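Here's the letter readout for the chains.
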Amino acid sequence: MAAKKTSAKSNTSAEELKGYYRDMLLIRRFEEKAGQLYGMGLIGGFCHLYIGQEAVVVGLEAATKEGDKRITSYRDHGHMLACGMDPKGVMAELTGREGGYSKGKGGSMHMFSKEKHFYGGHGIVAAQVPLGAGLAFSDKYKGNDNVTFTYFGDGAANQGQVYEAFNMAALWDLPVVFVIENNQYAMGTSQQRSTSSADIYTRGQAFGIKGQLVDGMDILAVKEASEAAVAHCRAGKGPYILEVKTYRYRGHSMSDPAKYRTREEVQKVREKSDAIEHVRDLLITGKHATEDELKAIDKEIKAIVNDSAEFAKTSPEPALEELWTDIYADA
Amino acid sequence: MAIEILMPALSPTMEEGTLAKWLVKEGDTVQSGDILCEIETDKATMEFEAVDEGVIGKILVADGTEGVKVNTPIAMIGEEGEDMSAAAPAAAAEAAPAAEAPAPASVPAQAAAPVAVKDTSPDWPEGTEMKQQTVREALRDGMSEEMRRDDSVFLMGEEVAEYEGAYKISQGMLAEFGSKRVIDTPITEHGFAGIGVGAAFGGLKPIVEFMTFNFAMQAIDQIINSAAKTLYMSGGQMGAPMVFRGPNGAAARVGAQHSQDYAAWYAMIPGLKVVMPYSASDYKGLMKTAIRDPNPVIFLENEILYGRSFDVPVLDDYTVPFGKARVWREGDDVTIVSFGIGMQYALEAADKLAEDGISAEVIDLRTLRPIDYDTVLASVQKTNRCVTVEEGWPVGSIGNHLSATIMERAFDYLDAPVINCTGKDVPMPYAANLEKHALLTTDEVVAAVKQVTYR
Numbered sequence: 005m006a007a008k009k010t011s012a013k014s015n016t017s018a019e020e021l022k023g024y025y026r027d028m029l030l031i032r033r034f035e036e037k038a039g040q041l042y043g044m045g046l047i048g049g050f051c052h053l054y055i056g057q058e059a060v061v062v063g064l065e066a067a068t069k070e071g072d073k074r075i076t077s078y079r080d081h082g083h084m085l086a087c088g089m090d091p092k093g094v095m096a097e098l099t100g101r102e103g104g105y106s107k108g109k110g111g112s113m114h115m116f117s118k119e120k121h122f123y124g125g126h127g128i129v130a131a132q133v134p135l136g137a138g139l140a141f142s143d144k145y146k147g148n149d150n151v152t153f154t155y156f157g158d159g160a161a162n163q164g165q166v167y168e169a170f171n172m173a174a175l176w177d178l179p180v181v182f183v184i185e186n187n188q189y190a191m192g193t194s195q196q197r198s199t200s201s202a203d204i205y206t207r208g209q210a211f212g213i214k215g216q217l218v219d220g221m222d223i224l225a226v227k228e229a230s231e232a233a234v235a236h237c238r239a240g241k242g243p244y245i246l247e248v249k250t251y252r253y254r255g256h257s258m259s260d261p262a263k264y265r266t267r268e269e270v271q272k273v274r275e276k277s278d279a280i281e282h283v284r285d286l287l288i289t290g291k292h293a294t295e296d297e298l299k300a301i302d303k304e305i306k307a308i309v310n311d312s313a314e315f316a317k318t319s320p321e322p323a324l325e326e327l328w329t330d331i332y333a334d335a
Numbered sequence: 066m067a068i069e070i071l072m073p074a075l076s077p078t079m080e081e082g083t084l085a086k087w088l089v090k091e092g093d094t095v096q097s098g099d100i101l102c103e104i105e106t107d108k109a110t111m112e113f114e115a116v117d118e119g120v121i122g123k124i125l126v127a128d129g130t131e132g133v134k135v136n137t138p139i140a141m142i143g144e145e146g147e148d149m150s151a152a153a154p155a156a157a158a159e160a161a162p163a164a165e166a167p168a169p170a171s172v173p174a175q176a177a178a179p180v181a182v183k184d185t186s187p188d189w190p191e192g193t194e195m196k197q198q199t200v201r202e203a204l205r206d207g208m209s210e211e212m213r214r215d216d217s218v219f220l221m222g223e224e225v226a227e228y229e230g231a232y233k234i235s236q237g238m239l240a241e242f243g244s245k246r247v248i249d250t251p252i253t254e255h256g257f258a259g260i261g262v263g264a265a266f267g268g269l270k271p272i273v274e275f276m277t278f279n280f281a282m283q284a285i286d287q288i289i290n291s292a293a294k295t296l297y298m299s300g301g302q303m304g305a306p307m308v309f310r311g312p313n314g315a316a317a318r319v320g321a322q323h324s325q326d327y328a329a330w331y332a333m334i335p336g337l338k339v340v341m342p343y344s345a346s347d348y349k350g351l352m353k354t355a356i357r358d359p360n361p362v363i364f365l366e367n368e369i370l371y372g373r374s375f376d377v378p379v380l381d382d383y384t385v386p387f388g389k390a391r392v393w394r395e396g397d398d399v400t401i402v403s404f405g406i407g408m409q410y411a412l413e414a415a416d417k418l419a420e421d422g423i424s425a426e427v428i429d430l431r432t433l434r435p436i437d438y439d440t441v442l443a444s445v446q447k448t449n450r451c452v453t454v455e456e457g458w459p460v461g462s463i464g465n466h467l468s469a470t471i472m473e474r475a476f477d478y479l480d481a482p483v484i485n486c487t488g489k490d491v492p493m494p495y496a497a498n499l500e501k502h503a504l505l506t507t508d509e510v511v512a513a514v515k516q517v518t519y520r
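If you're matching them up, the sequences are chains A and B in order. Just so we're aligned, residue 5 is where the first sequence starts under the numbering used here, counting upward by one. Just so we're aligned, residue 66 is where the second sequence starts under the numbering used here, counting upward by one.
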């Protein structure tokens, strides 16, 4: 699955491409910083990094419009940044501070933004799949043409509730794009060892849901697939499945030594298929951007990430009274 | 400028580790992502990667060093050509805030003083016209009135639409509201509960019917992890304003898998509200309150009660507040506390006890989260004795919780230990005679009252 180095067919402008580069780089640098803060003990518990998978969410988001919803699993930092949530608020949630999106009460796996229509951040594998179908149900009920992007992994694809959701989504023509982020490892179990058939995107066939395999290391391929899926949903034709093949460079969580795969395997993907290098290559060889322009972007991202880390370190811990708030909404 | 590389925390619980092996040496140039060293935690040996690029200056902790505390500087990294011979690690590394002694804001202190306030106001104005209605009809009327009032309310579940409810609760609702708002689901509890919760996140107010709460065990993750906890986890940004409803507890001769009372299970969960009514007027009034409540509400019904008739007030908009118990019968000798179908045994027992000259006060909790402790405590302070009555299992029951609360807050008022009457601690048997023995009986309640009143 080598990245396509010269994807020419595209409705993507140079500005848009630079924007994707920027968004992907933001995710990567943010995650690296999160890893660093975890090592320093500033982030606790579980912390699942998105490094390697950046093209998936940035490509999917390229086809969204205001009002579209997104929901995902616990590997959620990338999705939050890609939909425009403030890196400061995300990082401060990771450090469990008052300035975090959930006032420090959710943590890495449980963050939300009503404003950006980001519905979590869910720690129970695959629970977000029926929830995403339900969000789509709410849009259909209200009669608008919004779409819900429901992200889950190759591991979650083996949970029964995924197929319960597929069935009802198809039965009721719910406007939901099921995005299977296949990073090839369900924690430490490779797809070959966990999944009876290799092609997860075909699993909607039994329900009459169209599925498509996408190269998740190629931002333009992801974007194109996202546009097709979204058009299908907006037209009222029901759900759509995208299996996006990707790869995570880091362990499942910070405490995973990743002994189930070789260092060489990871290194090979990094060298040959890295999604950010691919965009960089498209920009430079296509003469859409100069090295200096990209350096300026790098610098800008570095500053944003450093600011977010600074904010996350200095934002105070939540007041103890917060322990007792937000348990019930006022009747 | 030299940067310190600190001993990383590589698991949620790691405090120290062994620096097993350096894979770089002083003077090496490293890129972000290069492996610097191997570190043994209590769980595994982990590779530790460089985050910054630069040249390894001084290695401060040698191969094989054990017990290296997290955040100890282990090496210095600098820019190419930088002289780091003088670079010494800063004394106190930037580190996580020291763990403070836990000092959670306390639950409001529970005084052992008498509870003065007892809200005994009636649920309807004096002189209100009443009509006889079954629980089934009252429940349907409660839902229908709210659906007329609010377009975002809809009903979903197995057989709720065309079949008009497996227990005929939703009779006439499909005809009135149409298939957009009265929705038959496939037999897929986990899935449709999740879709219901997602729809609530999306701004609707679903009523999710479970054909019985026994089947909701397949969906309990969505109820608890998704519906009950999201408001808290989102810092108040979003939650699940919805109702999960259906029959709960034993019906008759349906065996162990269809005969469980979940009252205590759900009542344990912060973020849920839990309702378990007895009378038709409460079914109606509490259902309307449940639908309007902006939180997930568990509404536990009872199949045996569905056909029972009670007086229901004829009012345009009759609601019953959560957290307010109903005193069905005033008395002086003992307080009997119950809820749901347990009330049937409590009231029958009170009648029998009256024949023996024992005056029982009978309290229907109606809601189990919140619980109206004050009404119970005020009554116990008057009668000095208490018996709790419920059909569920004895371990971790609502009665256990009430006993503890009474002990903590009204110990000095008690003249006898509180007794919990519950279902027997067995899966529900099928055989008619065994089932009868597994269930609670009125005679058991009578016997318990006689025990606490020393008769």
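Take the hints with a grain of salt, since some may be wrong.
[As the list claims (entries may be wrong)] Below, a sample of chain B positions facing chain A; criterion: calculated Cβ distance under 8 Å:
no.	residue
1	Ile68
2	Leu71
3	Gln96
4	Ser97
5	Ser468
Simulated from the structure, these hints should not be mistaken for laboratory data. Because the structure is a prediction, the values reported are computed rather than measured. Each residue gets a CB set at the ideal place from its N, CA and C atoms; glycine is no exception.
Status of the hints after comparison with the structure:
{"no.": "1", "hint": "Ile68", "in the structure": "11 Å, violated"}
{"no.": "2", "hint": "Leu71", "in the structure": "6 Å, holds"}
{"no.": "3", "hint": "Gln96", "in the structure": "11 Å, violated"}
{"no.": "4", "hint": "Ser97", "in the structure": "7 Å, holds"}
{"no.": "5", "hint": "Ser468", "in the structure": "25 Å, violated"}
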